[in-house]
Amino acid sequence: MTAHQTIEVQQDVISGAEIVVRALLDQGVDVLFGYPGGAVLPIYDALFAEPKLRHILVRHEQGATHAAEGYARSTGKPGVVLVTSGPGATNAVTGIVDALMDSIPLIVITGQVATHLIGTDAFQECDTIGITRPCTKHNYLVKSVDDLPRILHEAFHIATSGRPGPVVIDIPKDVQFAKGRYQGPKEVVHAHNYQPRTKGDPGRIAEAAALIAKARRPILYTGGGVINAGPRASALLRELAALTGAPVTSTLMGLGAFPASDKQWLGMVGMHGSFEANNAMHDCDVMVAIGARFDDRVTGRLDAFAPTSRKIHIDVDASSIGKNVRADIGIVGDAASVLEDLIAVWKQRGYQADKAASADWWREIDAWRARDSFRYRPDAKLIKPQHAIQRLYELTRGHDVYITTEVGQHQMWAAQFFHFEEPNRWMTSGGLGTMGYGLPAAVGVQIAHPDSLVIDIAGDASVQMTMQEMSTAVQHDLPIKIFILNNEWMGMVRQWQQLLHGERYSHSYSASLPDFVKLAEAYGGVGFRAEHPDELDDKIREMIAVKKPVIFDCRVTKEENCFPMIPSGKAHNEMIMAEEARDLGSIIDDAGKGLV
Amino acid sequence: MTDAQPASVYDLAHKEEAESLATFACLVDNEPGVLHRVVGLFAARGYNIESLTVAETDRNAHTSRITIVTRGTLQVLGQIEAQLQKMVSMRHVQDVSRDPNGLERELALVKVRGAGPDRVEALRVSEIFRAKVIDTTHESFVFELTGAPSKIDRFCDLMRPLGLVEVSRTGVLSIQRGVEAL
Chain A
9 MTAHQTIEVQ
19 QDVISGAEIV
29 VRALLDQGVD
39 VLFGYPGGAV
49 LPIYDALFAE
59 PKLRHILVRH
69 EQGATHAAEG
79 YARSTGKPGV
89 VLVTSGPGAT
99 NAVTGIVDAL
109 MDSIPLIVIT
119 GQVATHLIGT
129 DAFQECDTIG
139 ITRPCTKHNY
149 LVKSVDDLPR
159 ILHEAFHIAT
169 SGRPGPVVID
179 IPKDVQFAKG
189 RYQGPKEVVH
199 AHNYQPRTKG
209 DPGRIAEAAA
219 LIAKARRPIL
229 YTGGGVINAG
239 PRASALLREL
249 AALTGAPVTS
259 TLMGLGAFPA
269 SDKQWLGMVG
279 MHGSFEANNA
289 MHDCDVMVAI
299 GARFDDRVTG
309 RLDAFAPTSR
319 KIHIDVDASS
329 IGKNVRADIG
339 IVGDAASVLE
349 DLIAVWKQRG
359 YQADKAASAD
369 WWREIDAWRA
379 RDSFRYRPDA
389 KLIKPQHAIQ
399 RLYELTRGHD
409 VYITTEVGQH
419 QMWAAQFFHF
429 EEPNRWMTSG
439 GLGTMGYGLP
449 AAVGVQIAHP
459 DSLVIDIAGD
469 ASVQMTMQEM
479 STAVQHDLPI
489 KIFILNNEWM
499 GMVRQWQQLL
509 HGERYSHSYS
519 ASLPDFVKLA
529 EAYGGVGFRA
539 EHPDELDDKI
549 REMIAVKKPV
559 IFDCRVTKEE
569 NCFPMIPSGK
579 AHNEMIMAEE
589 ARDLGSIIDD
599 AGKGLV
Chain B
4 MTDAQPASVY
14 DLAHKEEAES
24 LATFACLVDN
34 EPGVLHRVVG
44 LFAARGYNIE
54 SLTVAETDRN
64 AHTSRITIVT
74 RGTLQVLGQI
84 EAQLQKMVSM
94 RHVQDVSRDP
104 NGLERELALV
114 KVRGAGPDRV
124 EALRVSEIFR
134 AKVIDTTHES
144 FVFELTGAPS
154 KIDRFCDLMR
164 PLGLVEVSRT
174 GVLSIQRGVE
184 AL
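If you're matching them up, the sequences are chains A and B in order. The numbering used here numbers the first residue of the first sequence as 9 and each following residue consecutively. The numbering used here numbers the first residue of the second sequence as 4 and each following residue consecutively.
Extracted from the complex, chain A is given alone in its bound form (with noise of 0.2 Å):
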């Protein structure tokens, strides 16, 4: 070897951490949310010298993991994590599990320690590796540098395709020191023969296309799969609505996809979805499932769910269909991509909905909608929590708002009665249930959409779970706007226990709840406070005016119920509406009780 070539190779030769910071510049990422650590600061040190890559410090690595996913769910694009070894792992994992379940694509590097003390408990060691194993879309540990670069790339790769997901890379600090050398997303040779189908079966979209035509009470019934698919996906999904003339609903993670100003629009399906939606599921004779995965939140009891219908699958994990529910027609693909070819194959056979089938369906939704199944009783002195979410909507209406929610009541009310017209602008954990996610969702979103008017809309029970982060966002200026409705209870467990447990309400109040007015002042944020009707709306308009983080306690009405409800084990077309809704405990019998 000559000098010169010695000279050129070792100009290319890095540190493990600074080949990290390269992968990420190159794929795409600006900024990364993180807790440094001891088994972390070699790339830590690599972050220091790189203006390129933001580093929001989080406050609790859960944080980190849930602004991540509203970060990715907001944009489209990967998260970014970086956490520490033992604990830092630990702490992420809810985020991770949650991430797995709605398919948000994560990248979560963490720390390790270093290669030759793994596996003699040493300090703030963990199996991150087997602990992730079954919550990550796929996980590595990197035992050499010479690994790292296409680990990384790889990494971007399968979080992002396909059906998305987290990828926890753990590196053991003494890779993180080693030097190699760095090679681009270009360069690397996956080592995994991982391909993600896409594209439909031409055979199968072609029939599903016949069935459609042929059908005379259809329905769309989409979930985030749409929403992941990219804003086309949305598109293509109102143009086929437009086509066919079927009405649409969506599952909680699909709220966005479809205009719900639209007058095909039925509102959410489910549990606590509209009785037109749950209805037309039950009815219907065609059901088009659009990235949505039966979920039992959604399907309510299967050997009675919608029992007239033939059942046309398209999801791009071939694992979902046929998981709970079976499919008459499987289409293994993107959303986009099949919807794609669905209307093409639509217009080019020139098939027509059937007008008077379409009518009769219609005439018999317009009944369903007639009973208006998301009405309460108003209260003039005090504030009714979907009063409180309605005005929420109507005030900022004109803005460009997006939404997180924590998990509860008040994320059902939020998705009953907050409307979204555009994809990515609803964030929620629907299949983890994750309390405590709203908050450094909202962080994440804030991040990524700096001038927007990003809203946690949030239990009092829910928020104190990870309340530390409003630190993070008075620390990045970041104007998040945390709108709790406060009942002082665990509102959902609340109402399963009047409804389900003879009114023995077990450990589900609040007690000793902090003055959250107070509490934004001491972080250095603005709270509001509204205990009457006639005050909320100004309330709210000076919330919106605030550029600083602020949250807001929206005090409602204490033991308000969230309805209507397929109770456990139960129908759709068996909903109860609020009025009904005296004695659940007679309705539902002891197989349902033992449902979740």
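FYI, nobody ran anything at the bench for these hints, they're computed from the structure. Take these hints with a grain of salt, some might be off.
Taking lysine to aspartate or glutamate pairs in the DMTMM-like style, the calculated list, with each CA pair at most 20 Å apart, reads [claimed, not checked]:
1. A:Lys-60 with A:Asp-485
2. A:Lys-151 with B:Glu-34
3. A:Lys-151 with B:Asp-32
4. A:Lys-271 with A:Glu-247
5. A:Lys-526 with A:Glu-539
6. A:Lys-151 with A:Asp-129
7. A:Lys-392 with A:Asp-542
8. A:Lys-222 with A:Asp-368
9. B:Lys-89 with A:Asp-209
10. B:Lys-89 with A:Asp-325
11. A:Lys-392 with A:Glu-496
12. A:Lys-389 with A:Glu-539
Here the structure of chain A is known, so what remains is to put chain B in place on it, guided by the hints.
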């Protein structure tokens, strides 16, 4: 279409559907933890493993072959195949038991203790099954036997009254007849 909806964990009153055995031959990337991924999938989703064999089969290509015998309804077996296929480390999955060209073999080591006529009979039976005697003392034999799992089951049944004391089985291995490779 009259097929019943598959039961879920939420469907407490589902009727029992007929279960059958299936043998999945899986070609996986030979990397640390890959067996745990496969076994973890079965454990997490409540699928049974009746037998499991695993070994590296191609050092240069970094592949191992895992053969899993499992039991379930047709719907569950379809799910298992789809879930296996979904794993990033998975190169290929095949349900060998549903393939008319599938071959399945298992190896067993069987220890039989006894004396007198039973000992003579054990040796005679082993010859019928083409088992090999790989160890003997005055009071025992160790037989080596290969064949379909059902053949090994039958051999053990016959040996039991003749003094069978210990059985060690590899679990099922599989391959396809003909020129095609997995």
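- Which hint numbers doesn't this structure obey? Result: no hint breaks.
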